[in-house]
Amino acid sequence: MLYTIMPLEEVFAAPPWEAGYAGSAAAPHPSVPAVVGGVQVLVSPSYDGRNRVERIISTDPADYLNPRLAPGTLI
Amino acid sequence: MRVESEVGPSVREAEAGQPVTSPIKEYGEIATPAPPASNIHVLSIVGQIEGHMVLPPQNKTTKYEHIMPQLVAIEQSSEIEGLLILLNTVGGDVEAGLAMSELLAGMTKPSVSIVLGGGHSIAVPIAVSCSYSIIASTATMTIHPLRLSGQLVIGTQQTYEYLERMQERVIKFVAEHSRCTPESFRELMFRTGELLRDVGTVLVGQDAVDAGLIDSVGSLSDALDKLNELISIRRKISGGKKRGKVH
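Each protein sequence line maps, in turn, to chains A and B.
First residue of the first sequence: 1, per my numbering; consecutive thereafter.
First residue of the second sequence: 1, per my numbering; consecutive thereafter.
Treat the hints as calculated values from the structure; they're not laboratory data.
Quick reminder that beta carbons are idealized off the backbone N, C-alpha and C, glycines included.
Where hints are given, some of them may not hold.
[Said to hold, decoys possible] Partner residues aside, some chain B positions facing chain A, computed with beta carbon under 8 Å: (1) L43; (2) Q48; (3) L55; (4) P57; (5) Q58; (6) Q76; (7) N88; (8) V90; (9) G97; (10) A99; (11) L116; (12) H120.
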């Protein structure tokens, strides 16, 4: 059960790339969990076979300063 | 030995003559010294809090299966002394939110929450579950009644009772972990005329402190100062069995 200020029809709406709106972005690759240098991250596959860091899942603030884990970095 | 005999002559030649295809080992990166390990860890809870149900991909979510083991790891760690919670969330799954709140409230290590931007609906119990709670002066908290998600049949007595019981769990938790009484929290939930489409209350910065939900208005430096203060208190109380609840 959800307790949120977001209207439920918006939360459960079809994503824009499925609803087929003109000019809407293509479906993004789903992020998958990975471990880089002992740090848990979410990555999505990039065009050249490498993976792009999407999000760091860590509570250590130092991991967010690590340039090799910065979101957008190809690994 | 057998493997070596199978390797072709071209490969052996390449090994001898430093071929261009050998893996690059040095990237010319500047080795920066590793920052000292922080005794304060940070957990950001953003977007929708995702629980039992996986939400469609256009929602930005924080998943409870990521948060809950991290809380256990922080409580168990010998290096981490305090936890900072950054909240900017529109609400989400009731049970996932209550589960996180219960874990936070059950930690012996001090925790400080900062409500930034918005800490609405199920974010309210999470904010109050920490040892000390702070709200940014521009941040808002929306207190409103639970609504039916649509999968349940509307209008039956059982549905009403289920909704009522869920709501009671939230009210009970918030009242137990803040200066707000169950009566005044319910009053905020069902106040009419404050929200355009619905009943409820929007509390901005100081309003949340006046309502007794949040301890003070502030930002990052205030939160870190408070956390360091709580850490030094906990260091003095050796053993650390006492829960770090302060008001």
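Under the constraints set out in the numbered hints, which ones does this structure not fulfil?
Violated hints (numbers, rising): 6, 7, 10 and 11; every other hint is consistent with the structure.
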